[in-house]
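Trainee: Here's the letter readout for the chains.
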Amino acid sequence: MNSVQSLIQPQVLAQIGFAGIVALTLTGALIAVFPRNILYNILGLIVCLTGVAGIFVYLGSPFIALMELLIYVGAICISIIFAIMLSRPLHLSLPKRALPKVGLALGVGAAVFIMLSAIISRTEWQPAAMRSSDWSIATLGAYLLTRYNLVFEVISLVLLVAILGAIIIAGYARRSPS
Amino acid sequence: MTSSWFQDPTLLAAMLGALLPFVSFVLIMVFTRPYPKLSATISVAAVSVSVICALFLLGRHWHLEHPIQYTTKWLVSGELYVPFGFMLDQLSLLMLTIVAVISFLVQVYSLGYMAGDPGFSRYYAFQSLFAWAMMTMSIAPTMLQFYIFWELVGLASYLLIGFYYEKFSASEAGKKAFVMTRVGDIAFFLGILLVLLNFGNLNILDMNSVDVTARMSPALITLCAILIFGGVAGKSAQFPLLTWLPDAMEGPTPVSALLHSATMVAAGVYMFARIFPFFSKSATAMTLFLAIGMITMLLASTMAMVTRDIKQVWAYSTISQLGFMVMGLAAGSYFAGVFHLTTHAGFKALLFLCSGVFIHAYETNDMYEIGRQGGRGLKIPMVCMTLGAAALSGLPPFSGFFSKEAIMGGLAGLHNPIWLWGGLLGAFLTAYYSFRLIFLILFPSKIKEPHHGEHGGHGHGDDHHHAGLYWVMAWPLIILATVTLVLGLFQTPLENFLVGHYGGAEGHGGGHHAWLLYVAVGLALSGVGLAWLEFGRKGASQVGFVERMEPVKTLFAERWYIDHFYRLFLDYVIYGIFSNLFTRNDRQVIDGGIDGICRATVGGGRMLSFLQSGMLQYNLMVMFAVLALVALYFFF
Amino acid sequence: MMNLWTLFIPELYCLLMAVVFFGLAMSASPNPRRDYFAALFMAGVGVVVALACVRLEGTLFFEAYRVDLFSQVFKVMLAMGFFLVVCLCTELNGIEERHHPEFYLFLSTCTLAMMMLVSSVELLTIYVALELSSYSLYILVPLRRGDGIDVEAGIKYLMVGACASAVMLFGLSYIFGVTHTTYLVEIVQVLPSVIGTPAAIVGLLLMLCGFFFKLAVFPFHFWAPDVYQGAANQVTAYIATASKVAAVAIIMRVVALSGGNSKYLVDVLVTLSIASMTLGNLVAIVQKDMKRLLAYSSISHAGYVLIGILSMSASGYASAIFYALAYLVMNLCCFLVVVKVAHDGSDLKIAQLAGLHRRSPLLAMALMLAVFGLAGIPPTIGFTGKFLVFAAAMEKGYVTLVIIAMINATISLYYYILVVKAAYLMESDEELPGLPVSIPTKVLTVVLVTVMVVFGVFPHHLLEVARAAARALM
Amino acid sequence: MEFANFPYLSTILFSCVVGLLVILVIPAERKMLIKWVSLVFSGIPMVLSIYLFFAYDKAQGGLQFVEKVLWVDSMGIYYFNAADGFNLPMLMLTGIVLFTGVLTMWELELRVKEFFAFTFLLVAGVFGVFMSMDLFFIFVWYDVSLFPMYPLIAIWGSTRKEYGAMKLTIYLLAGSALILPAILYLFVNSGLNTFDIVALMQPGVFTPFQQKFAFILLYLGFGILAGVWPFHTWSPVGHVAAPTSVSMIHAGVLMKLGAFGVLRVAIFLCPEGWQYWAQLMAVLATCGIVYGAFVGLAQTDLKYVIGYSSVSHMGIVGLGLATVTVDGLNGAVFQMFAHGVMTALLFSSVGYIYEKTHTKMIPELGGMSKIMPVASGYFILAALAGIGVPCLASFWAELLVFISAFKTYPVRGALAICALVVGALFMLRVVQRTFYGEKNEQFEHLPDLTFVPGIPRMILAAVIVLFGLFPSVMLDVIQVASVPFINGLP
Amino acid sequence: MNSLTTYLFLAALLFSLGIFGVFQRRSLIGMLIAIELMLNGASINFMAFNRFLAPDPIVGQIYTLFIMGIAAAEAAIALSIIVAVFRRLGSINIERAQELRG
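Residue numbers (the numbering used here), protein chains in the order written: chain Z, 1 to 178; chain Y, 1001 to 1636; chain W, 2001 to 2474; chain B, 3001 to 3490; chain U, 4001 to 4102.
Pulled out of the complex, with its shape left as it was, chain Z reads as follows (with noise of 0.2 Å):
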């Protein structure tokens, strides 16, 4: 009884279900890395993001979990999920593994984590002396208009371009030449 009590303590709940939502992601991030067909690893990817999302809720920002959800899952899944379904063969390929390749991918990958987790054991993370707590979406939508003013008006011009060359590279321009 006791057990289950402190079993749904709020920390402790939330210490499950942070587990959970670490669990999702990496099982996600393994997914939507490993499996050949390409199919899974966009589901392997949006389970991954999701848990994404919940890390950021945890991080104490439901807002850019949303945004996560919605920008990531729900936009750049999907349009990738539109670019293999409009290309119908895209998806039936699957390339055979070399194990030698995985072999030496698993290696550099790992040296790097092994550098990270270098880096992140070695270094003596400093809070900042003063800490505002102003999480406020009210104070992140004036910070966008005030000082990433400049940011914001430029990523327009990114999406405006990434659109525009989209366009022109796989639109209407290119017909395969046979």
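Heads up, some of the hints might be wrong.
Said to hold, decoys possible - Derived Cβ-Cβ restraints for the label pairs, each shown as a range:
id	chain 1	residue 1	chain 2	residue 2	range
1	W	2460	B	3204	25 to 31 Å
2	W	2474	B	3191	17 to 23 Å
3	Z	23	W	2474	45 to 51 Å
4	Y	1625	W	2346	34 to 40 Å
5	U	4096	Z	103	20 to 26 Å
Unchecked claim - The list that follows gives simulated cross-link-like pairs (lysine-lysine, DSSO-like), each with its CA atoms no further than 30 Å apart:
id	chain 1	residue 1	chain 2	residue 2
6	W	2288	B	3161
7	B	3356	B	3031
8	Y	1379	Y	1037
9	Y	1538	Y	1379
10	B	3370	Y	1167
11	B	3058	Y	1073
12	B	3370	Y	1037
13	W	2442	W	2288
14	B	3370	B	3439
15	B	3212	Y	1167
16	B	3212	W	2396
17	Y	1037	B	3439
18	Y	1073	B	3161
19	W	2263	B	3212
20	B	3161	B	3356
21	W	2349	B	3161
22	Y	1167	B	3439
I should point out that these hints are in silico values taken from the structure, not numbers from a laboratory.
Glycine residues also receive a C-beta, built at the ideal position from the N, C-alpha and C atoms.
Could you slot chains Y, W, B and U onto chain Z? The hints should help.
Mentor: Just chains Y, W, B and U now, with coordinates in the frame of chain Z:
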């Protein structure tokens, strides 16, 4: 100095005499090469002026008290001061006169001998060059100037030996002469460098002064003397550098007469005499020179006994006489050596010019052949040559007799009798081989009959023209013959003139041993007699006693295999080992190394370009691996 | 406020250009001449505008954007690069005619992005500007009319670029974590004190990766040869020149953050610099394709520029600025020849240069000078650049580095000479007609050559500008 | 402008540059015009350089005809030209060889415009190095003089020309890979922020260690161009490949650039380094002398022979520099001059023979004296100069070098002197095989050198003989520089 | 457990997995997906620093927001090029794209 240019006749004469031939050389080379007559005229005119100047100087300074020196700056570098100038003393005046006179005679003779040769102008240019170099050398005030013109004399010799450059043997002989004398010259150069560095001065008078012993240790003097003697050995064809001289006979005969008997090769002996006091400060060196002189003399005599080539005989005899002079000087008889040099110049030039007439007439060098073709028909040369041979053999009353006796006297004054015996043996051999030649031409075993006339029948050009040429050649012979006849009588005035200077230098004449006189003449006569027995008398087999002993003959004919040794040395050591090795090293190690580096670089590029395999993912792996490594480096 | 907007004029002008081309892209019928002249005119004006603004100073957008001599000098270079690339577009045969307006459009946006990049002093702005410039180029590369190597080049470019930008982003996050700020001004104050901590230094390093990618420094160079070869000649010219210049600028800004007292960072930069030089030069030796060769040469030049930067002194930065300009001019000169010789827009093999001295002596001479300039032979600006860079490194005592760099320069000479050999010695197999070179092109060539030589011989004024700019950076 | 301040040196330099520009403007078809323009613009430097040589005030000494303009303020770079006893002979040499080189190539028909343009570029660099007193400019001119070699050899050359050209260019420019770091090292460590040699050569500017370090870099860097053993292999290969006038300029002048660089930069700025490394220099130089002579013995290509003789002769220059004495310096500088003229004459003569017979292989020639006596005569004269025959210019140089070398390094000096025998052997061997002996029938019809084409050879021959007879004309000038320099050594 | 380093490790893991994916997936789309993972790793870092260290909790969020925007643009361009690659090469296997090499 400049003010006295025209006021001082001595200086003017010396300058004119020494420099005019150079002017003539330049003029001929640059302007008058296409006009042979003009070239010859210029050259002969120049050398005539030189003769006049030389004789004038000799006459003017017959009673010279102190050497006259004129120097001007030639070059200054730091502490080093190289003057150019003239130093006139008895010895140089004598040498100047000898050179000028013989040059003049030879040039006149060559007017006939070289007539019609396509290289006529060139010949006279080189003759002028030689005259200039030799005369300037004779009157050089410092050893450096001496060395410089010594080298130039060598150059002229090279050019003249190789005058008939189409002939391989001629150009080869020229090269050999140059390189071989240069070996000696290097030693000479090192020697004077040592003197310069230790003594600080190369002025001949200073070197000859007693000062030297104060500034240089005896060992050093010995070393310097031996090194400088290297030059003598090279130029005067002393052992072991003697083999170039016989080959040098490839040049035109007048050249042989001028350079390779009378003047140039005597330069070595002249230098010996020039710094005689310096040399005589080292007893060790003097003994060594004595030995070298004797070896040279005997070796050359043996070689002369077996050759059939008329010029070769005189060439070997030249070597042997030079050896004899060196012996004389090394024995301390300053005057005897120089006197022999003087007389030798006369009779040896005579001998060569005579043989030149024969060679010109019969177009062969073989004495048997000349005899067979009626060589004795050429009266003037025949007579002159006999005179010369007699002088060479030291028969009285010819000049050679006097000078030889002087040297013998010097040798007799030495403690060790071996030198004297060597000298006497040499005298015997000399007489033998000279008269071997004379008798072979005079009394050939059989004569081709159809020969007539005095001037041979090989006929190019008409007779009249030919006769003119013959007389052009004959006059110098007559003059030289006269000199040979009378020069011996001038022994005492010459001795006074020369030795007065060095104040009765150490034991010049030695004692006059009367017995020596008889022994020497007797030996010479017995040499002549032996030659008569074997070659001269009727029905003689005309085969010498040496020629009967095949191995000895071969040994002599092959010049004691000295040349073979040099050839082998050159082929195997210089070409085979050094040159070959270095060349290979150059191509394969040094250049190959460089090329190898280049190839390795390109190869490295090729290897690295495999990184860019087009496999994007491997490239990315490299990228991240490097990144990880770089980051890891931070932790260590 | 009016005053503030004037600071932004060059960027605004680029934006205006982009808008104009956007408008042109809307028009139904392709008209290359019109597009070309519009571009030429506007780019020319752009140079004037950039020059006019060179003396401006100030900050914009809440300190996120700084206009100073440093940034303005680079903006002038970018505008010039843009203009010169447009000059090369007389025969834009590598790209389909109806895409010409888009081509100019993306060039404009890319220039705009780079101008913002050199002025940005806030990490996010830098990042976004960098991405904007990259995306424009990603799109430009596969625009080529061709046989498929363009898309291959495009996807490789994009993949490497995306990885690099992800790495950079990761680095940014560490910087943010360590310094708690994203403003360079504040980072500069904090970072030197914490430069010893792993996160700071590795963060800085990872951040640099994104710029190294732009500059094609080893090991981020893999895209360069493929993209140079795969992209249309004019696009390659742009990538090889303007984008490199911007990368140099931003690397300088970032390296300046470390305050110059991190031995580790210097070591890393030295290593990368040597590796870049060596790899670029060695691999260039075996190249057959002119643009590929230039790609490897640009990799090695990235190494040389890094030498100036890693000196982390005023003279070092000044030399790097000078070098960047020199590189811009010389490379453009090379590409001018490439574009003119391969006027049908195809790839240019080195062997195809054969007979150039006969076909067009002027171009041959320009090529020779440019190539010798790249090799660092006086009296070209390339030599002066190298000289300054090495002098700066020597001041810091990096003797070995300078010697290695000089040896590399010698190696590079080999393949540059091969190019000269092709142009001057080889005779083409078939009789090729003379290359018609129009008057404007001649003028352009002569101007470029003159600039190369004159600034090589009289570097004084240019050097003063570079030094002033470097002081502004510090 | 006052006459006394007339910028002679710049005029020399710029007549080359202007010549280059003018040639670039003339259409390529007008070959005769181009040649005449070249002649005029090469004549100006020759006349001026000879004038300067004789106008130099020996009593006053030091630097004269100084032109100094601040060039790059922040780096302390000056456009600083001046003449002293060391560079006047070199300037004169360059003037003479350039002029004769242009005349030698009078018959050229192939790509005339480019040829003369490159030649002028090359020579401008050479003049620049010789007259400049600023490290930066010395390096600039040095490189400028090197890279035109590539096209000059590769386009107009002969045997294995591309290989030779590439090797030569890369090898020589590799030398500058050592020079530039050294120059920068000196610049940085002086703390004076100037490239002005006069300022940098003040005593005490550099520590002994710095001098030693910089000196060896400079010595090796410049030494490559000077043909220092074992970095000489570019020289034979390059010479064989190069066309006549380029060989002349290259062997005659360019190799001197290396030796001059050692003198002007390395020795001037790092005298202590010089003394420290002199032993090594002497060893390498002696190796070069002996080695060059021996390898020359085995060659069958006329130009290879000359190439190796250059190695040997430049070894003499090196030996002179290694002695750290007045005589050595004098001899080295004189030898640079003498060897320059001599080699130019050799190449010029070989060039003529090659042009007519189309071969320069010794076994294929023979008896050339019979066929072309004048051309052969010039070769033989130069060859004789090469083996150190007295009263030809190089004799004096060798004499001085050997005297000082024998004094300083007896063994090495003696070895080098002994190599003279080998040198004589190999030169005479060449002369014998090529010019003497039976004439080769197939060349019988070939014309000899006539007067007008003979002019350049005549000039060179005259210079050899004149300076051989009157060496003090040259040495008095060199003395003015060398004596104070050696006396000022720490 | 719920500490800064946990998040950082998670981010590093995601990042490394992304790298691994980029290396070993031959499908271009697979690589694109892996790159998204890398970007998310960075995002988590930002959010974590934002939560635990930063003085102003807005900045990290804004970064994350912008990363999403950039990622979207990137995905759009990448996908369009991938489609073009597919049309040209008939495959989206990166190993087919090997024409450019050396």
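Trainee: Evaluate each hint against the coordinates.
Mentor: Hints versus structure:
Hint check: residue 2460 of chain W to residue 3204 of chain B, Cβ distance near 30 Å, so the stated range 25 to 31 Å holds. As the Cβ distance of residue 2474 of chain W to residue 3191 of chain B is approximately 22 Å, the hint placing it in 17 to 23 Å holds. One distance hint, 45 to 51 Å for the beta-carbon pair residue 23 of chain Z and residue 2474 of chain W, holds here, with the actual separation near 50 Å. Look at residue 1625 of chain Y against residue 2346 of chain W: about 36 Å separates their beta carbons, and that is inside 34 to 40 Å.
Range check, residue 4096 of chain U to residue 103 of chain Z: about 22 Å between beta-carbon atoms, so the 20 to 26 Å window is met. Of the pairs offered as hints, the one joining residue 2288 of chain W and residue 3161 of chain B holds, with about 22 Å between alpha carbons and a cut-off of 30 Å not exceeded. Between residue 3356 of chain B and residue 3031 of chain B the CA atoms are separated by roughly 21 Å; this keeps the pair inside 30 Å, and the hint holds. About 29 Å separates the Cα atoms of residue 1379 of chain Y and residue 1037 of chain Y, which keeps this hinted pair within 30 Å; it holds.
Restraint check: the Cα-Cα separation between residue 1538 of chain Y and residue 1379 of chain Y comes to about 21 Å, which is no more than 30 Å; the hinted pair holds. For the hint pairing residue 3370 of chain B with residue 1167 of chain Y, the CA-to-CA distance comes to about 12 Å; that is within 30 Å, so the pair holds. For the suggested pair residue 3058 of chain B and residue 1073 of chain Y, the alpha carbons sit about 17 Å apart, so the restraint of at most 30 Å is met. Between the alpha carbons of residue 3370 of chain B and residue 1037 of chain Y the distance comes to roughly 20 Å, so the proposed pair stays at or under 30 Å and holds.
Our distance criterion of 30 Å between C-alpha atoms is met by residue 2442 of chain W and residue 2288 of chain W, whose separation comes to about 27 Å. Pair hint residue 3370 of chain B plus residue 3439 of chain B holds up; C-alpha atoms about 6 Å apart against a cutoff of 30 Å. For the suggested pair residue 3212 of chain B and residue 1167 of chain Y, the alpha carbons sit about 56 Å apart, so the restraint of at most 30 Å is broken. Using a Cα cut-off of 30 Å, the hinted pair residue 3212 of chain B and residue 2396 of chain W holds, with the two alpha carbons roughly 20 Å apart.
A C-alpha spacing of about 26 Å is found between residue 1037 of chain Y and residue 3439 of chain B, which places the hinted pair at or below 30 Å, so the restraint holds. Restraint check for residue 1073 of chain Y and residue 3161 of chain B: not satisfied, since their Cα atoms lie roughly 48 Å apart, outside the 30 Å limit. Straight-line distance between C-alpha atoms of residue 2263 of chain W and residue 3212 of chain B comes to about 28 Å, which keeps the hinted pair within the 30 Å bound. Annotation: proposed proximity of residue 3161 of chain B to residue 3356 of chain B holds, straight-line Cα distance about 19 Å (limit 30 Å).
Pair hint residue 2349 of chain W plus residue 3161 of chain B holds up; C-alpha atoms about 23 Å apart against a cutoff of 30 Å. Taken as a hint, the residue 1167 of chain Y and residue 3439 of chain B pair is honoured in the structure, with Cα atoms around 10 Å apart against an allowance of 30 Å.
This entry does not satisfy hints 15 and 18, going by the numbered hints stated previously.
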